[in-house]
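Chemist: One letter stands for each residue in the lines below.
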Amino acid sequence: MTRTDLLSIQGLRTEFPTPDGPLAAVNGVDLEIARGDVLGIVGESGSGKTVLGLSIMGLVDRPGRVAAGRIAFDGTDVTAFSEAQWQGLRGNRVAMIFQDPTTSLNPVQRIGTQMIEAIQAHRDISSGAARQIVREAMVRVGINSPDERLAAYPHQFSGGMRQRVVIAIALLNEPDLIIADEPTTALDVTVQSQILRDMRRLCRDSGSALIWISHDLGVVAQIANRVAVMYAGRIVEQGATMELLKSPSHPYTAGLMASMPANSPRGQRLISIPGGLPQLSNMPKGCSFAPRCTRATEACEVLPDLSFISRGHGVRCVFPLHVGASLAERN
Amino acid sequence: MLAFVLRRVMQSVVVLFVMSLVVFSMINLVGDPVDMLVNPESLPEEIDRVRRDFGLDQPVHVQYWKFLLGAISGDLGKSFIFGRPALALMAERFPATLELATSALVISVTVGLPLGVYAGLRPDGWGTRIIMGGSVLGISVPTFWLGLMMIIVFSVVLGWLPVSGRGETARFLGIESSAFTLDGLRHLVLPATNLALFKIAMVIRLARAGTVEVMALDFIRFARAKGLAPRRIVLAHLMPNILIPIVTVLGIEFGTLIAFATVTESIFAWPGLGKLVIDAIVNLDRPIVVAYLLFVVTLFLVLNLVVDIIYALLDPRVRLQGDET
Ligand SMILES: Nc1ncnc2c1ncn2[C@@H]1O[C@H](COP(=O)(O)OP(=O)(O)O)[C@@H](O)[C@H]1O
Ligand code: SF4
Ligand SMILES: [Mg+2]
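One line per chain: the protein sequences are A and B, in this order. Take my numbering: the final residue in the first sequence is number 331, and no numbers are missing along the way. Take my numbering: the final residue in the second sequence is number 325, and no numbers are missing along the way.
Quick caveat, the hints were computed from the structure, so don't treat them as lab data. Heads up, some of the hints might be wrong.
Which chain A residues face chain B? A few, computed with CB under 7 Å, are given here [as the list claims (entries may be wrong)]: (1) M57; (2) G58; (3) N92; (4) M96; (5) L105; (6) N106.
Quick caveat, the model's predicted, so the values are computed rather than measured. The beta-carbon is built from N, C-alpha and C at its ideal position, and this holds for glycine as well.
Next comes chain A alone, as it looks inside the complex (with noise of 0.2 Å):
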């Protein structure tokens, strides 16, 4: 923690209660992102990814909380801000694109009405003037003839319209931060893959530093420069992307990897790994990966700390895969 990091995150827990206490869908979650820096979140769906991505905005649903941890944010500490101060923050320094395009629109409201009051929320400026930043955000994410579409509703676009719509909502403010939770799922595979050049476009030209966050590596690998990957509410392994995807050290990483369609041969089924994630309310003692894990042994049942394979590239495995000499000196 020496370079000046946009987003950096300690320990992070976030809860939600239940009868039988309180369940962390977010457990001891540690990252940084610096200025520009594109980082993948990858992990299977329930692995608290949005979640994450929530506690970051301030905007986990009641009665869920963050619990314990540091969000720090350009420098100063938002675990402890005010509804006021998150108003400032939210839209405007951190924007969030969610997963569903149909969904995140409200039906009843013209486009172009959803999209002026996304910028007067921060600005004091004239419905004109807002009118016109929203024209150019229009033709930058490639929507044509904006004066028409914005005096649509959200029900007269396709699903990948939409998408482009709320991704432009997200860039209106110039944030320093965009939050992308699986905005291209929904969506079908051309489409997909145009949103996301199109969005690594956008962010560098903006300069905001992007959180990619997928259930798919291979999509997370075409963005983002670092990887996180997320199993059971921890980061299990994080690292540069290439030094990721070269040597992945973590047996759910491998897994992952497998799984990809790229790595698995012609004509044969998709290896995935067997098994599910471990219910919150029934978490292994040690590792939570340990039932799925073939290299499991006795000592998995403590949950193992984070080691650095090396620089920048650490795992939670007390037997990780491609272990270099970083490894044996600690030993």
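Guided by the hints, dock chain B with the ligands onto chain A, whose structure is given.
Modeler: Same frame as chain A, now just chain B with the ligands:
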């Protein structure tokens, strides 16, 4: 769409016909109006003459046939008491009832909507508990009892408002109403509030349920992610989405407001339709009672039809279905 409307109009005519039959036969079971019209000490010849004059000497089915012929040409008979056409009498009284019902509607929305939305936004707050408790009271305590209590408290004990009557009216934009004079307003407040109580409770419930449902949707979360102020989220994103069902329900409920006005009008001596019909029932003034009941049935039929048409226009699925058949 046209076929749909035509079919509904035909159905309505049939319903109206059946209702007239029912109303007419029932009213014949409720005592002999001639007893009310002549001095009990009159000579039998005198009584027979009156009976003949009003056509009450003929068999019931003949009376009904005559009524039906009249009704088709827009004549629902003459009041036994006032000697004037029933429809004309009702037309005179209708504005007062309409005014009462409209005021009650306005009150129920302006009071019920904010309370319901508040309760929906803060499901666990103590304010919500008070509001929901109050709405249970509003639904379960009888209107007439609350009306009497209101008179006792605000008119008799505190002396703030007049006990009964409609007060002064004034004409504004071609509408004659007591809402345009201070005296009229002072007379209107209690009966309109009394009539509104039940609907306030209903609007609270609808608004709360709608708020809970809509606030959990993704576009509200996205609106919050944009950094909008809570006020903006409620006014621009929540309200338009919960208003559609509330307006629809209130459209239908307007008919019940006019029908239930009978009780309120009797308590507050409000000179509207309800008071006219209660007096008519007491005096066995059959033509008025029959005309009133048929009027209420027609009102419900028309309101339901209008609401269905609006719904069909709003919802493409309903609209397309209507075209197929
Ligand atoms: N509002 C909520 N109330 C209770 N539990 C929740 C809520 N939101 C998410 N969770 C739980 O948190 C865990 C992580 O969910 P989520 O972050 O949505 O996973 P992902 O986005 O990786 O698919 C899941 O077990 C889910 O059931
Ligand atoms: S710690 Fe043990 S169980 Fe967990 S992933 Fe590593 S080897 Fe498998
Ligand atoms: Mg998710």
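Chemist: Each hint needs a verdict: does it hold in this structure or not?
Modeler: Against the structure, the hints:
1. M57: holds (6 Å)
2. G58: Result: violated, 9 Å to nearest chain B Cβ.
3. N92: holds (5 Å)
4. M96: Since the shortest Cβ distance to chain B is 5 Å, the answer is holds.
5. L105: Hint holds; L105/A Cβ to chain B Cβ min 6 Å, cut 7 Å.
6. N106: Constraint on N106/A satisfied, holds at 5 Å.
Checked against the numbered hints listed earlier, the structure breaks hint 2 alone; every other hint is satisfied.
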